[in-house]
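*Asks:* Residue 320 in the numbering used here sits at position 160 of the sequence shown; the count goes up by one each step and never skips.
Calculated directly from the structure, the hints in this document are not laboratory data.
Model, not experiment: these values are computed from the prediction.
For every residue, glycine included, the Cβ atom is placed at its ideal position computed from N, Cα and C.
Just so you know, nobody snuck in bad clues.
30 Å max Cα-Cα, derived DSS-like pairs, lysine-lysine:
id, residue 1, residue 2
1, Lys204, Lys569
2, Lys395, Lys510
3, Lys510, Lys569
4, Lys275, Lys552
5, Lys259, Lys395
6, Lys249, Lys259
7, Lys510, Lys249
8, Lys475, Lys249
9, Lys552, Lys581
10, Lys204, Lys219
11, Lys395, Lys249
12, Lys249, Lys219
13, Lys249, Lys187
14, Lys259, Lys187
15, Lys275, Lys187
16, Lys249, Lys552
17, Lys569, Lys581
18, Lys249, Lys275
19, Lys510, Lys219
20, Lys187, Lys581
21, Lys552, Lys187
Quick list of the computed label-pair ranges, beta carbon to beta carbon:
id, residue 1, residue 2, range
22, Ile458, Glu428, 20 to 28 Å
23, Asp419, Ser563, 34 to 42 Å
24, Pro586, Val469, 32 to 40 Å
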Amino acid sequence: MTKERIKGFETAGRSKMLVSFQVSNYKSFRSDAILNLNANRADKTIPGAILRPEDGSDKDAQLLAAAAIYGANASGKTNLIMALDYFTKAVAYSQSIWKPGSGTRVTPNALDAEKPTRMEVVVIVNGVRYRYGFEGNPRTFTREWLFSYPVGRERELFVRETNFETGEPQVTATFGRNLSGSIRDFNSSLRRANENSLLLSALAQDNQSEALDVFSYFYDANRIIDRTDQDNEIKFASRFTETMPDFRELLLGLLQTADQSIVDIDVEEIEKIASSEGSVDEISEIVPNYETRFNSIISGVTVTLPLNVQSRGVKSVYAMSAHACMSLLRGSLLIIDEIDTSMHPHLVAKLVSIFQNPATNPHGAQIIFSTHDTHLISIEHLRRDQVWFVEKTDGVSELFALSEFSPRKGENLEMSYLRGKFGAVPEGGVSLRLLGLSNQVSSSRSNQASVTEASDE
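All chains, full assembly: derive it from the sequences and hints.
*Replies:* Here you go:
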C-alpha cells in the first residue's frame, strides 16, 4: 500500500460503521440473534468507546467501538462470529469468486434445515444509514433487500425474490426510484447475478453507488477466524510492515506490550519461485516472501533475532497487529474469533483500548471478538453495553447482553459472571461455592496433619 493511500486514510473521517447484525437459522442459532452496537446514552463510562459519524442524517448516532462475546465452550459464540464472517464473505465474493451452481455455503440449523437462513445488517456509510439483508438455503439465495434512510425515512432501493414454482429458480426484482442509475443497468446486473450470488455484489461490480457503498464496507472488513493459518497471517503482517513503514510505531506499541525489549522491526522481501509441479524448471509464478527480524535490547546490547525464535505470544500479536492496523487506517470492521488465543490478558486489553482511543482510532474502526478473558468484564475495559453472552440450551444458542441484567453500580461484574449470575458459563464447571468448600477441606486436612505431627512428637 502506497504512502499516497495512507494520506487518503488520514483524511477519510468516520464515514462507515456497523449499527447492528442479525442472524437466524444459522448453525446453532435457530431464532433471531441481534448484536446491537447502539450505545446506551445514559452510560457515561469509557467516553472513547463511543463513535459518532461525522456527517449525514445519522451524525447524532452513538455507536460502540468494540463488542465482546462470551460463553462456555461449544456455546455457539464462535458460530456468531462465523455468521458475521460468512456475511462479509457472501457480500465480497459470491459474485466474483464463487462458481455458479456451487451453492451458497450457508449452514442452516439442523432443526430447521428446510427453512432459509436469514441475515441482516444496519450500517452507516458516508452519512447514510442502510438496512441490507438476505435469506438463503444451501443451494440459492431466495430473498435479498436493500433500504436506505438518507433523511431518516425508509426508502426501498431493491428487493430480489426467488421462487421455485416451476421447479427451477425464477428470479424477479423490484428497484426503487431512489436507486441511482437506470433500470436497464439494474436489469443487466440482475441477469448477471447467479442463483448462489448476491444482487448487491453484482450491482457493486457495475459501480451502482448505493450498492457499492454497502459492498465496500464489508469488502474492507478484516477477519481473523482460522487461527491455525498463522503462517499466512504472519506473511500478511510482514508485507504490511514492509510496505507501510510510517506505521511501525503503532505496530511496535502492540509488540512492546508483549515484549518490552523489542525496539524495531526489519522486513526484507524475498522473491520465492513457485511452480505447479514443485520444480523450478516449470515456473508458474513469483510469490513474495519475507524475512522478518526483531531488534531487541538485551542487557544494554542491541540484538537482532529472527521472527521464528520469538515467543508464541509475540508471533500471535504480530500476526494480529497488521489486521488491527489496517482496520484502524481504513476505519473498518475487525472480526476476531478467540482473541485471547496465545495472548496475555494485558495484551488483549491493550488491543481493545487502541480501538477505544480517538487518538489511535481517528477513523472510527470497530472490533467484534469472542473471548474467554473475563478480565475485560470491567468498566475499566468495556462498558456494560459492550459485553454479550451466548448460551446454549438443548443444542440451540441464544445471544443476550450484559445490560439486560441491570447490574448494580459498583458491582464486580467479572466475579458475578464467574458465579453464573449472567449465565453463559459451563454448567458442569466448578462453582465458587465448591471452591470454598475445597479450601475448607484443605484447611481441615492441614489442621489434621498438624495434630498428627504433634501427636507423633
